[in-house]
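With the hints as extra help, turn the sequences into a complete structure.
So the protein lines, in turn, are chains A, B, C and D. Position one of the first sequence corresponds to residue 1 (our numbering), numbered consecutively onward. Position one of the second sequence corresponds to residue 1 (our numbering), numbered consecutively onward. Position one of the third sequence corresponds to residue 1 (our numbering), numbered consecutively onward. Position one of the fourth sequence corresponds to residue 1 (our numbering), numbered consecutively onward.
These aren't lab readings, by the way, just hints derived from the structure by calculation. Careful: at least some of the hints might be erroneous.
Intra- or inter-copy, both count: the list cannot distinguish identical chains.
Think about it this way: if two alpha-carbon atoms lie no more than 30 Å apart in a straight line, the pair counts; the simulated BS3-like pairs of lysine-lysine are [to be verified]:
(1) Lys71 - Lys157
(2) Lys299 - Lys386
(3) Lys377 - Lys299
(4) Lys251 - Lys71
(5) Lys71 - Lys6
(6) Lys377 - Lys12
(7) Lys33 - Lys209
Protein chains: 4
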Amino acid sequence: MSSPLKEEKVFKDPVHKYIYVQDRTIWDLINTKEFQRLRRIRQLGTCFLTFHGAEHSRFSHSLGVYEVTRKIISQFERNKYEDWPSEERLLCLCAALLHDVGHGPFSHSIEKTFGTHHEDWSCRIVLGNTEINRVLREVSPTFPQQVAGVIAKTYHKEIVVSLVSSQLDADRMDYLLRDAYFTGVNYGTFDLERILRVMRPFQGHIVMKESGMHAVEDYLMSRYQMYWQIYFHPVTRSAEIVLHKVFQRAKQLFEEGYSFAFMLPPLLSLFRQSLTVQEYHMLDEALMQTVLMQWAYEKDEILSDLCSRFLNRNLFKYVSLERIEAEQIERLRETMEGLGMDPIFYLAIDFPSDLSYDVYRPGDHDEKLPILLLDNKDRLTEISLKSDIVRSISGIHMGKYHLYFPEELLLHSQRQTFAPDIRRLLGID
Amino acid sequence: MSSPLKEEKVFKDPVHKYIYVQDRTIWDLINTKEFQRLRRIRQLGTCFLTFHGAEHSRFSHSLGVYEVTRKIISQFERNKYEDWPSEERLLCLCAALLHDVGHGPFSHSIEKTFGTHHEDWSCRIVLGNTEINRVLREVSPTFPQQVAGVIAKTYHKEIVVSLVSSQLDADRMDYLLRDAYFTGVNYGTFDLERILRVMRPFQGHIVMKESGMHAVEDYLMSRYQMYWQIYFHPVTRSAEIVLHKVFQRAKQLFEEGYSFAFMLPPLLSLFRQSLTVQEYHMLDEALMQTVLMQWAYEKDEILSDLCSRFLNRNLFKYVSLERIEAEQIERLRETMEGLGMDPIFYLAIDFPSDLSYDVYRPGDHDEKLPILLLDNKDRLTEISLKSDIVRSISGIHMGKYHLYFPEELLLHSQRQTFAPDIRRLLGID
Amino acid sequence: MSSPLKEEKVFKDPVHKYIYVQDRTIWDLINTKEFQRLRRIRQLGTCFLTFHGAEHSRFSHSLGVYEVTRKIISQFERNKYEDWPSEERLLCLCAALLHDVGHGPFSHSIEKTFGTHHEDWSCRIVLGNTEINRVLREVSPTFPQQVAGVIAKTYHKEIVVSLVSSQLDADRMDYLLRDAYFTGVNYGTFDLERILRVMRPFQGHIVMKESGMHAVEDYLMSRYQMYWQIYFHPVTRSAEIVLHKVFQRAKQLFEEGYSFAFMLPPLLSLFRQSLTVQEYHMLDEALMQTVLMQWAYEKDEILSDLCSRFLNRNLFKYVSLERIEAEQIERLRETMEGLGMDPIFYLAIDFPSDLSYDVYRPGDHDEKLPILLLDNKDRLTEISLKSDIVRSISGIHMGKYHLYFPEELLLHSQRQTFAPDIRRLLGID
Amino acid sequence: MSSPLKEEKVFKDPVHKYIYVQDRTIWDLINTKEFQRLRRIRQLGTCFLTFHGAEHSRFSHSLGVYEVTRKIISQFERNKYEDWPSEERLLCLCAALLHDVGHGPFSHSIEKTFGTHHEDWSCRIVLGNTEINRVLREVSPTFPQQVAGVIAKTYHKEIVVSLVSSQLDADRMDYLLRDAYFTGVNYGTFDLERILRVMRPFQGHIVMKESGMHAVEDYLMSRYQMYWQIYFHPVTRSAEIVLHKVFQRAKQLFEEGYSFAFMLPPLLSLFRQSLTVQEYHMLDEALMQTVLMQWAYEKDEILSDLCSRFLNRNLFKYVSLERIEAEQIERLRETMEGLGMDPIFYLAIDFPSDLSYDVYRPGDHDEKLPILLLDNKDRLTEISLKSDIVRSISGIHMGKYHLYFPEELLLHSQRQTFAPDIRRLLGID
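The following block contains the structure:
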């Protein structure tokens, strides 16, 4: 059982002004070492190399998701909506707080190289031998399982899952506002208070009153803008590519039996795919950056060069292309090899809309729960059937190919060796 | 010589909206690895453990100081003020950008333990064998010396020094606004634009038009509030104390010949006080946090415990005291020793106003250049002679003693051993 | 000739922080009685009855349009763009400041009833025997003509006209930001500074760098949201309808020779369509509201009732309809007449998208200059050809019919007289 | 009895984001014609002539005071504080909403000339034959008396009065934030949410937890800055002086039997000091401005000139003086008379701190309830005994004399007639 705190605790938060904690369980969870670790993981990975304000951690985002969830539930309770299962309050709050607890440093690059998944780690931490697990078990022996169920989206009540994970969930609402605040752009500033006011629990779903459609449109437009202006920014992508190449090279060297001058046990286990929860705890961004700094002095030149590039923000340049021709890329690879650059580590093609990000697109197979509008005759309609704006964003598969490579490739002395079509490809005139 | 960039570059910044770079020298300095390193040093040290938004780096602050300086100079130039030495523009901008480049991780704690000074390191980096030095030398062979002179406040023109370092300088103006923005408090939000508008170069000084006195009062009140609410916050102080104890313990162990299970070369040089510029470069916050994480598993129990406390934010508690009685403290120490706690590492007395922070107080010996008001008959007056508000803040030596100790000291089982005066001291019952 | 002011003047402005005046001509224009009159005309007409913050005047908006224009030109000059005709600076600034000077109180309702046009009045004031005309003639004898030409969009250089009047002009940029600020919604908050930075004078047009396309999309989305949420708000429309009915009734009474207990000369001239510039000056919102207040006590019951309704915000209710059937409306009229309500003054059908507002829709006949994107090969493309978002907004003819009537019509005692289809129409039961 | 609304109503508000109405009584009060009249009275009188954004009405401020009160009470109820008399909720809300309902146009100038008091009028409206009175009587027959009692500060429970009227009441908290928002200055932006959180009902008082002392200091500093920068701004004072002179002249003419070309009944009753509640209702700012506009064409030259000055913002100039010498002023009067200017209407001495504004100053005879700090041992202390900052503001009687006169007085042709000491007084040369 969880009990209320004697006196409400508050955190000063730039996005929500204050974050209010009223339950002992929430307070105790925040004070576990696994939750505190989120202070050492940046929310936006490599994005700070493009937008220098984006240095905020998953710790502050996780508190924010909790706070948005708390506000939603408190509105449901104040209005005494019958369709709200009030016994699920604490479960929702805990899942909201913990849904990102399994995130590692630079998740995208590491997950891509080593096949880890942060959702799995969130569940392992909730269920494993951890301080978090002990706090949750004090509520009830099965409570950790329930929390893990909500995080894994397998919990049997959709309404609980959808608060934390849907097209219009507490997670997204916090990160759009937060990422906008810290980067300093103002695309993400939709009207949170209004959206909360038109939310309703209805027949097992979270739905929106139709009168709030324009506010939802505005939220979706914010999301659209944030994706294209912030999350898919080509410089951020370039940093992720360089980082991915670092890990790819290190993995290759490890598999070839290369002897690293600097190595730490959690990293070794990552290479061996044998990480324990204990080791995962140590695998934070500080460790990762320390490794990169040390590897900048490794004798393997590719590894050392790639690490220095990342640390000193000497990233890859890019050109935008309408389409990619395999043959042409092949010839570029050959040219690079001729110049002594290994294209495996120095050339990358990126097509952002390939990424599993979630611009709202009904019909996708890893589709999130859609946004339903409730009219004043209690009928539900999926929003893109009513809103031209939403329909127009949903259909957009926009995105250009980006070809990434080191600027040195364009050194004047080298250009002479380029065939005309390679020159065109790289934008050399 | 420095040349203008073909096209102005901009950084998106949450505090100043945009930061504009117009000179190639500034652009090149930002891209050096020494300046990029500032991304790995938090602006407010341990403050993020109290205000979770305070995760911004010295990188963003340094850009901000540059931008404020650029705005001031651009106003001076637009108005063609005769007392402004326009040939010093680039020197001011470079010094503004670089004045913090020598900051290490958690400067306060490290400087206190190891006697380093970040100003010295800024000068060493500017003058040493670094990328920054190479960029500056392209302006002129003596330019690095001039920049170092401004940072060290020895440059012969006061007006240049005072832009970067005075009671109302670009440094303070940026950090108050920035720290307020990232912590989310609104004490720091004075009217920058108005202050810039009433600034004048005048007979070798930077002065303020008297009509802007209220705006300056407002700025000084912001500063007062930021000091007492943010910078001197007892939880932040507690984190600094724990960190200081970590370094004190590690230094002691090192001197006693203890064999560390984990050690890195730059740290070893720090212990030996033999750091090179090269090693200092590697000594960033990532390295420091990695060391703390590894030391959390050292066999020395004090070191291991203190490191865990810092990482998991299990800091010391505190009580506020009007005054400190030596004898009483002595008895507390004895009590702690009796309980097996070494008071050297588990007890601390803190008196924030002892710190060398700079609440505006004319007459202090390490006094900064004062704020002068210029009336419409060209007479100068120090502001506290005209403003009751400023006079009232200047006289305040406020501050209570804080006694820090681990919460475990208050375990019920232990309290029985406490003498009545110790109970009172610790606020038991 | 205009001369610079000895010292820059500033106005504190909530939207642009400060408004800077550097030219004596601008300063003198602001101080004319015709410009000061704009303080007595609300920017958003009846909108304050829906959004109580919307009490700002055309005075502050006009200063804002001037300031945005000043910023654009100052950016053009700083970057020394060759396609910018720098000799047109003062003309642009004056036209920006004065473009709304002919606005009367509650323009929409009055123009609809009496056939006046605020653009015509702006020109009459600029060219007539006014203080404004005298200030402009000091620049050159033909200067008033030029200013009037820009306002009337007949000036021979499109680039000058388009700064003040196009799809992306200083007028719209100020009013979106300003109306959003004063109503308190945050839909209007696009990134002005970024838009200014990607603007270019190019071959006689103002164009946008293609890299700024997302910022322009964001601006157009703001506009879309502001129209549907603020400008077309049905309560605001209701107030305009009531006001229109007031004027319609008064005009009818006037034409029938009714003897008004209260009348003022400028109003009489308005009825007679013989307003002089002198009288127009007196026709401000204060006069209009005083007239409404006095007429609330006229013996004509319809006039008196409609005036009270407006002053006491006892407006008409509305129902939304997908389509309007003439026959049904006819029967409703008859029912109302049977109840003693004259449908001419107590029933109105409104279809907001019929209004001549300007949601961006290329191809409309009163089409504004379109937004052109400039790519890095100096090719121009109209934005909706590149942006799915813009295309999706452009095609929207959205809008429902609204039927307005007094709430009293729905009094229970009256409902029995309603035929079933009238009940359905009015949404009864 | 009052009943809750079926569905909460909201007003969009720029200061509090939304204003929530939950009680039918509040909703009905807002819809009375007496409350709607507040839309036609500006909150800051003549201040819009200095800060053009300050065009907001007493309507929006009154809603804001209601909302702050609602938030305070809702916090008290959520925390179930025992010292809060929960039966007084509706009384507090109604008094908060209605406390300013008796404000007339340009209150300061009119009250100074005609001896009216807005508090008296608030009570007359609450108790008279008004829509407001009818709505209040539905709660209970004695409810209007209770509301009037709170407004008149005679209600027997101090805690109820102090919510609406004390040194730290809902009135001040709203107007500082609101006036700062609409003028665009940022002095007024204290942390409302934090202040609300440290408020406590305690033994019949509203007190502040000592831990919130810095937040209260910040609020008081905001107030100090707002007074000196906004409310006492010499240009605003100049406009009030001109307006006062208008009324003074008109009153004189009226008493002399002058026949006004334009006159309206409510004004006549104002002159005769026989205003009824009905007439007072018509006496709004629109009427006042219409009168000024018509009087600008009166044949009395002084009246006509003063009215034009106000409307066209051709106000009096001023000089600041350390002290006033009666003899010198006498000679200035004579000089003016010699030039044909009547000093009664064209000369004024102003000393802002003479005004009955309320910079926090314990000991004043019209002293408001002081701010009490509650320490953790339940002891109360008046704040200036604990805070140096507050003590420093409290003691300030600052303020210079300002001498106001028409700029024409300084015409070059006239200066020759001035004696040297008059020249010095007026700051000539």
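Evaluated hints:
1. Proximity of Lys71 to Lys157 under the C-alpha cut-off of 30 Å is restricted to the intra-copy arrangement: shortest distance 20 Å within a copy versus 34 Å between copies.
2. Neither within a single protomer nor between protomers do Lys299 and Lys386 lie at most 30 Å apart by alpha-carbon distance, with minima of 61 Å and 49 Å respectively.
3. With identical chains, the CA atoms of Lys377 and Lys299 are never at most 30 Å apart, being 71 Å at best within one copy and 44 Å at best between copies.
4. Neither within a single protomer nor between protomers do Lys251 and Lys71 lie at most 30 Å apart by alpha-carbon distance, with minima of 45 Å and 48 Å respectively.
5. When the C-alpha separation of Lys71 and Lys6 is checked against a cutoff of 30 Å, the pair qualifies both within a copy, at 20 Å, and between copies, at 21 Å.
6. In the homo-oligomer, the alpha carbons of Lys377 and Lys12 lie at most 30 Å apart only across protomers (26 Å), although the nearest pairing inside one protomer, at 41 Å, exceeds that limit.
7. In the homo-oligomer, the alpha carbons of Lys33 and Lys209 never lie at most 30 Å apart, since the shortest distance is 41 Å inside one protomer and 32 Å across protomers.
Of the hints listed earlier, those the structure fails to meet are numbers 2, 3, 4, 7, in rising order.
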